[in-house]
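Residue numbers (this note's numbering), protein chains in the order written: chain A, 375 to 873; chain B, 375 to 873.
A portion of the hints provided could be inaccurate.
[Unchecked claim] The list that follows gives simulated cross-link-like pairs (lysine to any residue, SDA-like), each with its CA atoms no further than 20 angstroms apart: (1) Lys538/B / Lys637/A; (2) Lys538/B / Lys538/A; (3) Lys538/B / Gly843/A; (4) Lys538/B / Asp498/A; (5) Lys637/A / Asp562/B; (6) Lys660/B / Glu686/B; (7) Lys538/A / Lys660/B.
Simulated from the structure, these hints should not be mistaken for lab results.
2 protein chains.
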Amino acid sequence: MPEPSQPPALRPVPPVSPPDTPLYQQIAQALAQLIHGGTLKAGQRLPSVRETSVAHGVSISTALQAYRQLEEQGLVQARPKAGYFVRRPQRIAQPGLSAPPQRSFLVERQTRSEGFAMLHQPGDRASFGGFAPEQSTLFDEERLRVAIGRASRVHRHSLTEYNKADAGRPALRQAVARRALHLGCALDAAHIVITASCTQAVSLCLRAVTQPGDVVALESPTFFGYLDLIESLGLRVLEIPTHPATGLSLPALELALDTQPVKAVLAAPTLSNPLGSVMPMNAKQKLVKLLAQRRVPLIEDVVFNDLLAGDERRKAAKSFDTDGNVMVCGSFAKTLTPGIRLGWVEAGRWRDSVASHKRLQGAATPVVLEEALADLLNQGSYEAHLRRLTTYMNQRRNEARRLIAHHFPPGTKVSNPPSGDTLWLELAPDLSAMELFRRCATEGITFGPGEFFTATDRYRHCLRLNFSGPWTTLEMQALARIGEIARQMLQENPEKKRA
Amino acid sequence: MPEPSQPPALRPVPPVSPPDTPLYQQIAQALAQLIHGGTLKAGQRLPSVRETSVAHGVSISTALQAYRQLEEQGLVQARPKAGYFVRRPQRIAQPGLSAPPQRSFLVERQTRSEGFAMLHQPGDRASFGGFAPEQSTLFDEERLRVAIGRASRVHRHSLTEYNKADAGRPALRQAVARRALHLGCALDAAHIVITASCTQAVSLCLRAVTQPGDVVALESPTFFGYLDLIESLGLRVLEIPTHPATGLSLPALELALDTQPVKAVLAAPTLSNPLGSVMPMNAKQKLVKLLAQRRVPLIEDVVFNDLLAGDERRKAAKSFDTDGNVMVCGSFAKTLTPGIRLGWVEAGRWRDSVASHKRLQGAATPVVLEEALADLLNQGSYEAHLRRLTTYMNQRRNEARRLIAHHFPPGTKVSNPPSGDTLWLELAPDLSAMELFRRCATEGITFGPGEFFTATDRYRHCLRLNFSGPWTTLEMQALARIGEIARQMLQENPEKKRA
Numbered sequence: 375m376p377e378p379s380q381p382p383a384l385r386p387v388p389p390v391s392p393p394d395t396p397l398y399q400q401i402a403q404a405l406a407q408l409i410h411g412g413t414l415k416a417g418q419r420l421p422s423v424r425e426t427s428v429a430h431g432v433s434i435s436t437a438l439q440a441y442r443q444l445e446e447q448g449l450v451q452a453r454p455k456a457g458y459f460v461r462r463p464q465r466i467a468q469p470g471l472s473a474p475p476q477r478s479f480l481v482e483r484q485t486r487s488e489g490f491a492m493l494h495q496p497g498d499r500a501s502f503g504g505f506a507p508e509q510s511t512l513f514d515e516e517r518l519r520v521a522i523g524r525a526s527r528v529h530r531h532s533l534t535e536y537n538k539a540d541a542g543r544p545a546l547r548q549a550v551a552r553r554a555l556h557l558g559c560a561l562d563a564a565h566i567v568i569t570a571s572c573t574q575a576v577s578l579c580l581r582a583v584t585q586p587g588d589v590v591a592l593e594s595p596t597f598f599g600y601l602d603l604i605e606s607l608g609l610r611v612l613e614i615p616t617h618p619a620t621g622l623s624l625p626a627l628e629l630a631l632d633t634q635p636v637k638a639v640l641a642a643p644t645l646s647n648p649l650g651s652v653m654p655m656n657a658k659q660k661l662v663k664l665l666a667q668r669r670v671p672l673i674e675d676v677v678f679n680d681l682l683a684g685d686e687r688r689k690a691a692k693s694f695d696t697d698g699n700v701m702v703c704g705s706f707a708k709t710l711t712p713g714i715r716l717g718w719v720e721a722g723r724w725r726d727s728v729a730s731h732k733r734l735q736g737a738a739t740p741v742v743l744e745e746a747l748a749d750l751l752n753q754g755s756y757e758a759h760l761r762r763l764t765t766y767m768n769q770r771r772n773e774a775r776r777l778i779a780h781h782f783p784p785g786t787k788v789s790n791p792p793s794g795d796t797l798w799l800e801l802a803p804d805l806s807a808m809e810l811f812r813r814c815a816t817e818g819i820t821f822g823p824g825e826f827f828t829a830t831d832r833y834r835h836c837l838r839l840n841f842s843g844p845w846t847t848l849e850m851q852a853l854a855r856i857g858e859i860a861r862q863m864l865q866e867n868p869e870k871k872r873a
Numbered sequence: 375m376p377e378p379s380q381p382p383a384l385r386p387v388p389p390v391s392p393p394d395t396p397l398y399q400q401i402a403q404a405l406a407q408l409i410h411g412g413t414l415k416a417g418q419r420l421p422s423v424r425e426t427s428v429a430h431g432v433s434i435s436t437a438l439q440a441y442r443q444l445e446e447q448g449l450v451q452a453r454p455k456a457g458y459f460v461r462r463p464q465r466i467a468q469p470g471l472s473a474p475p476q477r478s479f480l481v482e483r484q485t486r487s488e489g490f491a492m493l494h495q496p497g498d499r500a501s502f503g504g505f506a507p508e509q510s511t512l513f514d515e516e517r518l519r520v521a522i523g524r525a526s527r528v529h530r531h532s533l534t535e536y537n538k539a540d541a542g543r544p545a546l547r548q549a550v551a552r553r554a555l556h557l558g559c560a561l562d563a564a565h566i567v568i569t570a571s572c573t574q575a576v577s578l579c580l581r582a583v584t585q586p587g588d589v590v591a592l593e594s595p596t597f598f599g600y601l602d603l604i605e606s607l608g609l610r611v612l613e614i615p616t617h618p619a620t621g622l623s624l625p626a627l628e629l630a631l632d633t634q635p636v637k638a639v640l641a642a643p644t645l646s647n648p649l650g651s652v653m654p655m656n657a658k659q660k661l662v663k664l665l666a667q668r669r670v671p672l673i674e675d676v677v678f679n680d681l682l683a684g685d686e687r688r689k690a691a692k693s694f695d696t697d698g699n700v701m702v703c704g705s706f707a708k709t710l711t712p713g714i715r716l717g718w719v720e721a722g723r724w725r726d727s728v729a730s731h732k733r734l735q736g737a738a739t740p741v742v743l744e745e746a747l748a749d750l751l752n753q754g755s756y757e758a759h760l761r762r763l764t765t766y767m768n769q770r771r772n773e774a775r776r777l778i779a780h781h782f783p784p785g786t787k788v789s790n791p792p793s794g795d796t797l798w799l800e801l802a803p804d805l806s807a808m809e810l811f812r813r814c815a816t817e818g819i820t821f822g823p824g825e826f827f828t829a830t831d832r833y834r835h836c837l838r839l840n841f842s843g844p845w846t847t848l849e850m851q852a853l854a855r856i857g858e859i860a861r862q863m864l865q866e867n868p869e870k871k872r873a
C-alpha cells in the first residue's frame, strides 16, 4: 500500500456557519472548505479523528460524526485501518445535445420570470437565480455617478428638450459601433438604435419581422425572458437541438427550416443562456449563410460576447452578414452595470422599421444616461476591465464546478462554458428540479429550475445556476446543500416507487 | 359722422424684419404689431399716409403701399376722405361637431409623425408643429441638473443594480399618486406603473386589452401619435364625432358601441389634442358609466389636465371610476420638462397585465431619473408653477387667436380651448391644408396639416397650430404669413375652376 501523503497542519478554522449549526457540521464544513480550496488535495489523508477532536476541542464521537458527514457528501472516503482520504472528485460529464420536440409551441405558461422573481425573495440566504449581480465586479458607483454628473452638466440643454435623436444620441451610437469592432462587426453608427434594454431591442426586432401566430426558432434550452417576450407577442416557438459546447445544431435547424414556417431565428451564438454554448466560427458563418439563403432573419443576442474578452471566439455571427439579414442586439448590463440598462440594436434590412417601432410606441430613451454610457464606454480602461471580469468569472465558475462535482449525486452532468457566470446541470432523469427548487427555497436557497427555460415539457430534471451574485462561504455551503438535497431526493425515490 | 378717435403718437418702430424686406413691408409690419398689441384699437384712425411717410422717412407712395398691404391683410379699411381705420376683427367662429365616417378603419398611412418631423427641419424660420417646446416656460436646466445630481448621490447603490422595482421606484409612484389627487383621483401608489413616456403607457394599455384587428374608438380629430401607435399594433380605429368645446359626443359613442365591436376607447376628455375640448363634468361621469356598463375599457390620457391648474375642470374621468374600468395615463413632459419624459399609468383591472407587459418587453425605466422626477414633483412650487404656465399659455393663445382673426381668410373657424398651447383651424372646405403646408414650408414655416389627425379622409381643410415654441415677432409674422398664403390660395381657386 503506497504511503499516504502527509496531511497539512490543520488549525481550528474560524466558524463561518450560523451560530446554531451543530458542532459536527461546523467541523465538516471547515474541512470541506479546505478540500474545495485545494489545501487538502484528492488522495490526501485527512487528520485522524483524534487529531481533529483535539484541534477543535470536541469529543471523538463529534469528530467522527463530522467525518461521516463528509463521507455522505462524497468528499472523503474511509479506508480500513488507514483513515479518511479526500476522494478524487467524480469526473463530471457535460450534458449532450438537447432533444426538444420537432414541432412548434404556443408559449403558454405565462410569467416564468415573474414566478422566478417571486420565489427569489429578499432575505434569501443564497440566490443562484441571477437577479442580483455582485457590484464589486462591475463599474463602481462613484465612476457611474461622476459620468452621470458630467453628462448632465455638459448636455444640460437636453434636460429641457425632447430627445430629438429618436434612435439615440450620436455619441452613444458611435461608442456602440466602436465596441462592435471587438465583435468583428463594422457597423454604421447611423444604423444603430438605442433601446431601454437588450430585451427591448429583441422585442422591437421580433415586432419588425413577425405577426402574432408566427413561428420563431430558438436554442433549446433558452433564456426564460425570451419565452415570456414571445408569449406576450403571441408568437409560437420552435426549439432547436442545441449542444452545450457548440450551440445550435445546424442540421436540426436546416430540417426545421425545411419543414416549418419559421419567420425568424432568435439565438445567442456566443455564450447562449443558460447553456453557455459558443458556436465555432465556421458554424456561425454557416448559420448566417443558411438563413440568408432562406431569407429568414437572424436576431442575434450578443449581450455576453464581451465576456470572452481577448478571445477570438467573441466574434459575432453578424460579422459574417453581407446583406443585412442579421439583427444584432446587445447591452452593457452584464459587463458595465445593470443600473444603466440601455441596450442597442443594428437591425440590418429592418433598421428603419425597428427605429420607427421604437418611436411610435413611445419607447423614449433618456439623453443624460445615453451620454453617460457613451462616456463610460469610451474610457480606455473598459477593455482591461473586461479581461479582469472574465478572469474573475472563470475562477468562480471553476470553483463552483468543483463543488458540484463533490456534492451533487453521481451522474450529474454540468456544462463547461468558456466564460460567463452560468452553469447548466442535468440531474438523474426522474429527479424533479422543481421539487428540488421548492425544498431549497424553504432553506432560502434559490436557482432556476430547468422547465423555466423551455416552452416544451423538457428539462424538468435540469437547473441553471448563476454565480453573478456574492460568492462567499455562505454561497459555497448553499451550493453544496443543493447537492445534498438532490441526493436525499434520489434516496427517497426508490421508496416512492415501491409505495 | 362721428369724430374719429385720435390716433396715438407714433414713433418709428425699430425694424424687426429681415434686412432685405422692402421698406413698405417693414412699415406695414410695424403698424400691424401696434394693432395686434392693442396700441391701435379697432375703430381707431391710423396716422395719415403723409404722417407715416414723415415718421419713417419714406416717400408718400411707399407709405401708401404699406397701407394697401394692411388693407389686403384685412387689418385696416380705408374710409373715403377720412383716412385708414383699424378694422374690427372678424368675429371668428368655432368649428362645430366633427363628422367622421361611421365605420372603422385600418390605419394605413404609416408614420404621420415621421413625415411631420421630417418636414420640420432644423433651420425652419418658425414652427407651429409642437416639437420644440420653449424652455423658459418649464423647469429650468439648473433645477433639473441639481435633482439628477442629488438622485445619483442619494441613490448611488441603484447605479450598479437592476431596477428591482419593475413598476417604478416607490418614491415616484407616491409622487404621482399625490399629483393625481389634483385630478380628483385617489390612486394607490402600488397600482401605478412608471413608463418611458405617456405614449408607452397608452401602448401598454392597448396591448393589455386588444388583439390585432380589434377596433379602438377615438376622438376625431385625434393625436397623430395615437394613430401611428394603433397602426403599429395592427388595430382598427373608429373615430367618434367630437365637439371642439365639449369633446366626445356621447350619443355618437353610444351608437358606435351598439353597432360596432369596440374593444377600447382611447380619449383625452380634458384638453384633447388637437381640439383642446374639455368634456363637462357630468359628461365625464356619463362616459365612465356608459363604458363600465358595456365593459369596454376607457384609456384616458391626462397629459394636459394640469394645464387647467386651479380649475375644477381638470378633474379626470378616472375620478368617477368605481370598478377599475378606466386606465389613466399621464406624464410630466408638458408641464415640467420633456427632458425627463417618464410617464405613468394606473390601469385599473388591467394593472397586473400592464405591469407584466412592461417587464416582459424589457421596457425598463432608469432609477436615477425616476428619483429625480419624484424629487421635482414633491417640490412645493410645482402647483404655483402650473398656474404661471397656464396663465402664460392663455395669454399667448389669445394673441394667436387675434392674429388669426386678422390675417386668415374670412370664414376661417378657430377652436377656443380653455388652456393649452394648441389651436385647431377649419379653413374654407375646398382649401387644401396640405398644399398650404407645402407652400409655407418653402418659406420655413411649419404646422400640422389636418389630415395627420385622422385615419379617415376628413380634415383636409384643417390645421393644428401649436404655440409651445418661441413666441416673438418672428413667429407672429409667420402666423400672419400662413393666413396670407391661405388667402392667396383662395384667390387662385376660382381660376383653377374656370380652367
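message: Hint compliance check: list the failing hint numbers for this structure, sorted ascending.
response: The structure breaks hints 1, 2, 5, 7; every other hint is satisfied.
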